[in-house]
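Protein chains in written order, with this note's numbering: chain A, 147 to 499; chain B, 147 to 499; chain C, 147 to 499; chain D, 147 to 499.
Treat the hints with care, as some may be off.
Which copy is meant is left open, because identical chains are indistinguishable; a pair holds if it fits in one copy or across any two.
[Stated by the list, open to error] Computed cross-link-like contacts, DSS-like style, restricted to lysine-lysine with a CA-CA straight-line distance of at most 30 Å: (1) K237 - K331; (2) K221 - K208; (3) K289 - K245; (4) K259 - K342; (5) K464 - K221; (6) K239 - K259; (7) K245 - K457; (8) K245 - K331.
Think of the hints as simulated: they come from the structure by calculation, not from any bench.
Number of protein chains: 4
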Amino acid sequence: MSYNSFGHVLRVTTFGESHGPAIGCVIDGCPPGLEISPEEIRTELARRASGKSRHTSQRREKDDVQIVSGVFEGKTTGTSLAMLIENTDAKSKDYENIKRQFRPGHADYTYWKKYGFRDYRGGGRSSARETTMRVAAGAVARKWLRINHSVEIQGWLAQLGPIRTDAMMDWESIEHNPFFCPDPKCVPELETYMDKLRKSGDSVGARVNVIARNVPAGLGAPVYGKLDADLASAMMSINAAKGVEIGAGFESVSQMGTEHRDEMTADGFLGNNAGGILGGISSGQDVVVSTAFKPTSSLRIPCRGLDMDGKEVEIVTKGRHDPCVGIRATPIVEAMMALVLMDHAMLHRAQIG
Amino acid sequence: MSYNSFGHVLRVTTFGESHGPAIGCVIDGCPPGLEISPEEIRTELARRASGKSRHTSQRREKDDVQIVSGVFEGKTTGTSLAMLIENTDAKSKDYENIKRQFRPGHADYTYWKKYGFRDYRGGGRSSARETTMRVAAGAVARKWLRINHSVEIQGWLAQLGPIRTDAMMDWESIEHNPFFCPDPKCVPELETYMDKLRKSGDSVGARVNVIARNVPAGLGAPVYGKLDADLASAMMSINAAKGVEIGAGFESVSQMGTEHRDEMTADGFLGNNAGGILGGISSGQDVVVSTAFKPTSSLRIPCRGLDMDGKEVEIVTKGRHDPCVGIRATPIVEAMMALVLMDHAMLHRAQIG
Amino acid sequence: MSYNSFGHVLRVTTFGESHGPAIGCVIDGCPPGLEISPEEIRTELARRASGKSRHTSQRREKDDVQIVSGVFEGKTTGTSLAMLIENTDAKSKDYENIKRQFRPGHADYTYWKKYGFRDYRGGGRSSARETTMRVAAGAVARKWLRINHSVEIQGWLAQLGPIRTDAMMDWESIEHNPFFCPDPKCVPELETYMDKLRKSGDSVGARVNVIARNVPAGLGAPVYGKLDADLASAMMSINAAKGVEIGAGFESVSQMGTEHRDEMTADGFLGNNAGGILGGISSGQDVVVSTAFKPTSSLRIPCRGLDMDGKEVEIVTKGRHDPCVGIRATPIVEAMMALVLMDHAMLHRAQIG
Amino acid sequence: MSYNSFGHVLRVTTFGESHGPAIGCVIDGCPPGLEISPEEIRTELARRASGKSRHTSQRREKDDVQIVSGVFEGKTTGTSLAMLIENTDAKSKDYENIKRQFRPGHADYTYWKKYGFRDYRGGGRSSARETTMRVAAGAVARKWLRINHSVEIQGWLAQLGPIRTDAMMDWESIEHNPFFCPDPKCVPELETYMDKLRKSGDSVGARVNVIARNVPAGLGAPVYGKLDADLASAMMSINAAKGVEIGAGFESVSQMGTEHRDEMTADGFLGNNAGGILGGISSGQDVVVSTAFKPTSSLRIPCRGLDMDGKEVEIVTKGRHDPCVGIRATPIVEAMMALVLMDHAMLHRAQIG
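Extracted from the complex, chain A is given alone in its bound form (with noise of 0.2 Å):
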């Protein structure tokens, strides 16, 4: 079972809440002889950092990661992978007023339905900020795949509230703004709103594709392995996701059998509505998946709401929150991707050699 720890041949376990003394993870089954180095992972984190921008909750911690086991002389060595991250920037008293209190669409209630308990500072486990973690895993991953398949996996927003934002797509521009946005003279618009947005104390939510590049054909199962189900499991394992699309998605529902069959030529497919996925198995074409995020339910704009007594009470919810975790979302996204399509490559192996 696999309450903390995801995927196959290539498992990943975290730890750590948003508030206690640490989080970390370890990647169990990773190759050896990967180099890899604690700046490479730090970029990756880098990118999903808080306070990279206005946009963002401000909450400043350095991602200070460290490598705790299974890399020997700057490669890995094949068994367990851990790292490390302090926290060093949990404000646990922002948490004082919400202690008794089930803020509306956060995991208070049915963490404490389940458990009979919770960590409420920062929402312990339920934070975020386990997906800083992802991210380090998923940098290992994302390099195993550059060396041994030249996979390049890039995501970006595709939409943010009412705002489409990928109607033009400029690679290059990804990483220029702080909204991961592929188009730039949508960025301008972008700022606008969420300067308004933060400003009134509500939220907003976001999609968020990725596509991966030069996937082998082949990855994946026929049945319950199937690479898009992994990948589906993946990506609405995120805080925050409440829907996930492969290729069309969910425009396929209206499209016709003649419209949505990407036909084949000898020059390669005529189209990818599959989003390179046919019969749970990758075809070799890009690998496309879309994810809807939610927006944050972290308001300072008063809700109603109960207490541990089961007393109804006006929620306010202090604290440094992003107005849209979408815009984080870009790199943990990536990470995801990353770790299915490595843990899927050595399955492969495992099974054809």
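Knowing the structure of chain A, use the given hints to seat chains B, C and D on it.
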């Protein structure tokens, strides 16, 4: 690893090809003492059966399920519950002409790229025939959930091609039309549309929704064993699925936090954008999942494709195919919901008692 | 979880009871392209079959194995390989008298304590009949190992009750006596002993050894996926097993380090106390495992026992039982060795390539 | 797959090398609400600690365990319970001379064959230092079992080289000598033997037994999730283990059925040859396991070995090594027993409720 199995403590393994001697499944971990008869399973199977109406494939399998092990004197024993259905109406000669061809939109090409082989008869293992065993296993889960937790699961067709089919929800009517359509007024429109579609030789996509009522709060796990992640994986593993949503799903993208968060009062939640799951754990609200199914690619309308030598060929698929695979997806989606919920109910008591 | 499955990337799931309609197994993860026929499987099954000689149970099953899925045109496809054997010689009436009794030394009592139920006919799921499917699955693994790694696996009877049976190792003779005894001179003594034992109505234990040659160095994993740990689990999971040793086993207890450590020279190791495994990983030496089997507890000699009401009763077991279950254990032990080695060979290439 | 994890619904993952910055573990699935403090864990760790007496290695680690996550206000939360211990007394220079040599009887050669790499300092991941985290995790399991099922687990040294050490069982005395020897009269003999052994530079094997009392009947599963199979795997996964027995173990080989079967009366079983497990399921009797540990191969007495170039070299192992690793194995064996039993107690309630 789980190429052909899914679940954590309730594990379902399926086997069998579309045109092999039989299909079957093994349910591992089913609690003892559950009364179950082949008749009950057949009742569920009849709901998904081929040949139910002129709108689905005319393959007519009796689906005469046998319980091979794990039931003694009418009750489950707690050991491997195996079921078997012989294939009686397989017509392999329909596939002779595509023996060396890759049908676009099908698993033909990817299986061949992965395994270097394929059982070309009816898609082999990638055939939707495999979903019969999901429904058989789901019947067991459904009964267990009903008896132990009063959980009721109901799916319905929410959209077929351009037609939104659940503007009005009349729960009673769902089982009384060949589409699982909840709006009786919509049925004639569907009949007309499907008759026209069938004649045209084309196919269309569909959206199928499913709701589970009385799900106890507390099922799921915080990070990677999330109930929604497992539901996403379960639904995406169904043939032709291209997207999965929990609750508000992709609508969350354009929602504001004040709109999305389901406020709580002493009388309960004021909405269910969450789809009954917060932080990966059930809240006690209805669990609501929506799945997108692509239009089948098996069409008698010719298209461009390749053969095993990489040569371009015109592909025409004969045989008996559903013009909208989504029509029969309702019982499958219900079965997957049941299996995931039962697995998580069992996992919950493993950890919490 | 794996109540009825074992293996990591090569997963075997078995089902069926001693007196149900059939027994079967599903092999998940088997590489594609392996030629395998029902005849080859039957050859292995014949080695463990009931009624092979007067020294084993007189139940006479044809073990007419059918391949239900996963093989197409004589080769494995890479998908679920399912096999089925009908039970034709089950005589359930033999068990009527113990229907409400717990036979000492049997699983009757513990199944009842666990499940509140039991299929009392021939032990139900706890019957040694289940091992038939281990041998069937093992036949596939054995062939794969032979073709891919030239691995050869041979088991033998090393001790039967008081008689040490492998003082002399004549490999050729193992298959030419009903005991899998490697010392032809010992066979008459075994015949005499067993004839006397059968008449006495008592039973006796046995030790069965198995060796695997040409196992590539590097199979296994450092800590919990150790090759020896998996072998220990595999052997201990066989009915009646009470002990497992790797290499020198319990003799290591009284050995000195200078005596136990297998020194290495340019010509190879100077001994094999390690049994071919160091630090959980194969060394390239022969992998050697020894398993202890208890005497069967199904005796016609009466003993004290309880019934389902907790009342003391005299237990007499009728039916057809092996006076030494160890005699038929050799092919089972070989099968478990094959399945563990193949699983680890596949895991190795997952991680290392 | 589980290279560095074990357990089904209670999963333990360990990480860290002998001479890396730290070692640690993650316990996944631990039920919420269990009071646990670092002090309780340290108490268990002290029992296995290096430098406990002159008879064990003189490496002196403080084993100052930190709980990094999963405990809030003194109680487990139900989420990942992570623990960490810094390595403070690692002396890597001791290993410079064997950097390119393979010590016979060690994992040096097999790690290198598997991974093409090895962390030569103190055995890296193959070091017995890893067992510290087993004891830490076991302390949690032990407490949970005690509180929930009154299970008591006690291990002891049963044999050290030629000396049988448990002819007389004085339970009280086990904790009052440096050997975990249950026979106080035997202790002076052990002292003398070990002093002589240490001076000789040689090492010796040991047998360690463990008993669990008050184990509820019904834990385990029929075929591959057998309690004894999991115990065998758990014990065999400990460094230097070469054999595992349940109950009568290898003595069963020469027992008669009438002698081995533990008859039952209204007052209970008349013996415990079964070691508390029948058909893979606990019977309510004491669960009894015996494990053989080989003599350590790290000796200052020279031997023949190879280096990385395949050249023969004389190997002399410096550093601080236990002349009998079995002496410190008692707390490790107890920990593995506790972890397996807790996992199965949880699995049992998953299936049975």
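Checked hints:
1. K237 - K331: Neither. Shortest intra-copy (37 Å) and inter-copy (57 Å) distances fail the 30 Å Cα cut-off.
2. K221 - K208: both (24 Å within a copy, 29 Å between copies)
3. K289 - K245: Cα proximity of K289 and K245: across copies only (29 Å, versus 41 Å in one copy).
4. K259 - K342: Result: close neither inside a copy nor across copies, 36 Å intra and 51 Å inter.
5. K464 - K221: between (43 Å within a copy, 26 Å between copies)
6. K239 - K259: So K239 and K259 pass the 30 Å test inside one copy only (24 Å; across, 51 Å).
7. K245 - K457: Only inside one copy: K245 and K457 sit 14 Å apart there, 57 Å across copies, limit 30 Å.
8. K245 - K331: Result: close neither inside a copy nor across copies, 43 Å intra and 50 Å inter.
Of the numbered hints given earlier, the model fails hints 1, 4 and 8; all others are met.
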